[in-house]
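As you go down the protein sequences, you meet chains A and B in turn. Numbering of the first sequence is given in our numbering, commencing with residue 1 and proceeding in unit increments. Numbering of the second sequence is given in our numbering, commencing with residue 1 and proceeding in unit increments.
Keep in mind that the hints were calculated from the coordinates and are not lab data. Just so it is clear, CB atoms sit at the ideal spot from N, CA and C, and this is done for glycine as well. Treat the hints loosely; a few may be bogus.
Claimed, not checked - Sample of chain B residues with no beta-carbon within 10 Å of chain A, all distances over it, derived:
#, residue
1, Thr20
2, Ala28
3, Asn84
4, Glu217
Claimed, not checked - When the alpha-carbon atoms are kept at most 30 Å apart in a straight line, the in silico DSSO-like pairs for lysine-lysine are as follows:
#, chain 1, residue 1, chain 2, residue 2
5, B, Lys242, A, Lys190
6, B, Lys77, A, Lys193
7, A, Lys77, A, Lys190
There are 2 protein chains.
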Amino acid sequence: MLRVTPGERVALAALDPSATPGGPPDKAAALAATARLAEPLASLQERLYAASTAGDRRRVLLVLQGMDTSGKGGTVKHVIGHLNPSGCRVRAFKAPTEEERAHSFLWRIEKALPLPGEIGIFDRSHYEDVLVARVRELVPRERLEGRYARINRFEEALADDGVTLVKVFLHIGYEEQRARLLERLDNPDKHWKFSPGDVDDRAAWPAYRRAYELALERCSTAAPWYVVPSDRKWYRNWAVAKLLLEHLEAIGPQYPPGDFDVQECRERLLAT
Amino acid sequence: MLRVTPGERVALAALDPSATPGGPPDKAAALAATARLAEPLASLQERLYAASTAGDRRRVLLVLQGMDTSGKGGTVKHVIGHLNPSGCRVRAFKAPTEEERAHSFLWRIEKALPLPGEIGIFDRSHYEDVLVARVRELVPRERLEGRYARINRFEEALADDGVTLVKVFLHIGYEEQRARLLERLDNPDKHWKFSPGDVDDRAAWPAYRRAYELALERCSTAAPWYVVPSDRKWYRNWAVAKLLLEHLEAIGPQYPPGDFDVQECRERLLAT
Chain A
1 MLRVTPGERV ALAALDPSAT PGGPPDKAAA LAATARLAEP LASLQERLYA ASTAGDRRRV
61 LLVLQGMDTS GKGGTVKHVI GHLNPSGCRV RAFKAPTEEE RAHSFLWRIE KALPLPGEIG
121 IFDRSHYEDV LVARVRELVP RERLEGRYAR INRFEEALAD DGVTLVKVFL HIGYEEQRAR
181 LLERLDNPDK HWKFSPGDVD DRAAWPAYRR AYELALERCS TAAPWYVVPS DRKWYRNWAV
241 AKLLLEHLEA IGPQYPPGDF DVQECRERLL AT
Chain B
1 MLRVTPGERV ALAALDPSAT PGGPPDKAAA LAATARLAEP LASLQERLYA ASTAGDRRRV
61 LLVLQGMDTS GKGGTVKHVI GHLNPSGCRV RAFKAPTEEE RAHSFLWRIE KALPLPGEIG
121 IFDRSHYEDV LVARVRELVP RERLEGRYAR INRFEEALAD DGVTLVKVFL HIGYEEQRAR
181 LLERLDNPDK HWKFSPGDVD DRAAWPAYRR AYELALERCS TAAPWYVVPS DRKWYRNWAV
241 AKLLLEHLEA IGPQYPPGDF DVQECRERLL AT
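Bound-form chain A, shown alone (with noise of 0.2 Å):
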């Protein structure tokens, strides 16, 4: 996978979506490494919030973007269903409501944000303000423009408080969406996935794909985005547990200890 360096160049059409770099070589592999993975993030995500109980504010913040299909769903259930559900904080962002768009943009985002402890999940996020807002142009251009250094100053903010981000765009390519849209439309339950404009947005890859590389060029600056191919959900899978157990590893928490005379309490427990 690519990790973005801040004003690096990133031309997505020339990473190919189906490439499985750093990873295992197949799928059998890939599902015992994936599998291998749900301890150690299991025990490090344990460890983070015990930690949040004795007054450490780190958390994470794993941020998934990408095109309809990308797999923003099925990395939450794969990857993040080997976590303890007790410490994480899923949240999907749709579209605005009402109430959402009469704030600024970053309002329902504070609002979603994982506290001390925990993994907080975005499907969705802040980006949808400069992908779709760009694309459709939802806000005049000025504004737009003005919120790539907003979004790199409220990540800043973020990781001063103690939030490792970690923003994962899964990369699919144009032929793989199809076929993934025709697999709904051939299986009624999965009807509900599907909506019309699906077909109709497919005209807009390429404004997308623009809009997507800038997000990726403008702002990797607080935390780099990383481009993980996609087309192979057992690679992809892999790929973001990988990430998610690697910053994990740089946070090093660890278990508080306890500030209490232990055999004190020994005692008065045996009593009772």
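Using the hints provided, position chain B relative to the given structure of chain A.
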């Protein structure tokens, strides 16, 4: 497990917390049986969520109550861990903040309710306001007594709005609690879960038990309480998973039909 009938007298001391009524005969069988519940649970959860996208307001709220160490957190980890995190809204209620205390005791509860299609999980709940509030005399007796009826009216309103309440009392024994607290004391990695006050609270065991009995007796009208013997974690997990499954089956959510022309969408998609 016991399903409390409205008005029924509940004598917790007469219920064996190490019993396994209706459950698998031993740990191995229970682990296997619980694992077999994972697929149907996840499948029904997806249908419930899918139905909500077409306007179905139904949802589930699992309320977990029980003495310290009774396994509320463990149940979330082992039972809710089988579900898709996207559709779960987990909330643990601690001692109320100053802002929460300034509002009605149901204020923070309303804010944490599951949305249509979701499964909400409360680790402690509005019942704390007739449990710890009763035992520690945190409010005048008259206000306390009025809360039972308020809770019933609140839960009736939830039911009217499509919320299926599943209220579970995790019933552990006095000896088992001592053993679990000792285990926490003897493992430095678990000290963060221990507080010296946990030992003091054991002196109030009969008062808490009585407070639970009253809550179970008085608040089983809108939705019944289930008493799950919880000394054996494998039985507890199986029983809660089974209860959740039965309630989801009773809801019987269905994938909504698509409101679009499949053939037309298919042709347009293939033309892209």
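Proposed proximity, A/Lys190 with B/Lys242 (alpha carbon, max 30 Å) | holds (27 Å)
30 Å Cα cutoff - pair A/Lys77, A/Lys190 = holds (16 Å)
If you draw a straight line from the CA of B/Lys77 to the CA of A/Lys193, is it 30 Å or shorter?
-> holds (28 Å)
Non-interface label on B/Thr20, tested against every C-beta of chain A at 10 Å | holds (25 Å)
Would you check whether the claim that B/Glu217 is not at the interface survives, using Cβ distances to chain A and the 10 Å cut-off?
-> holds (27 Å)
Any Cβ of chain A at or closer than 10 Å to B/Asn84, or is the non-interface label fine?
-> violated (5 Å)
Assertion that B/Ala28 lies farther than 10 Å from chain A (Cβ) | Given a closest Cβ separation of 21 Å, the condition holds.
Going through the hint list in order, the structure does not satisfy hint 3, though it satisfies all others.
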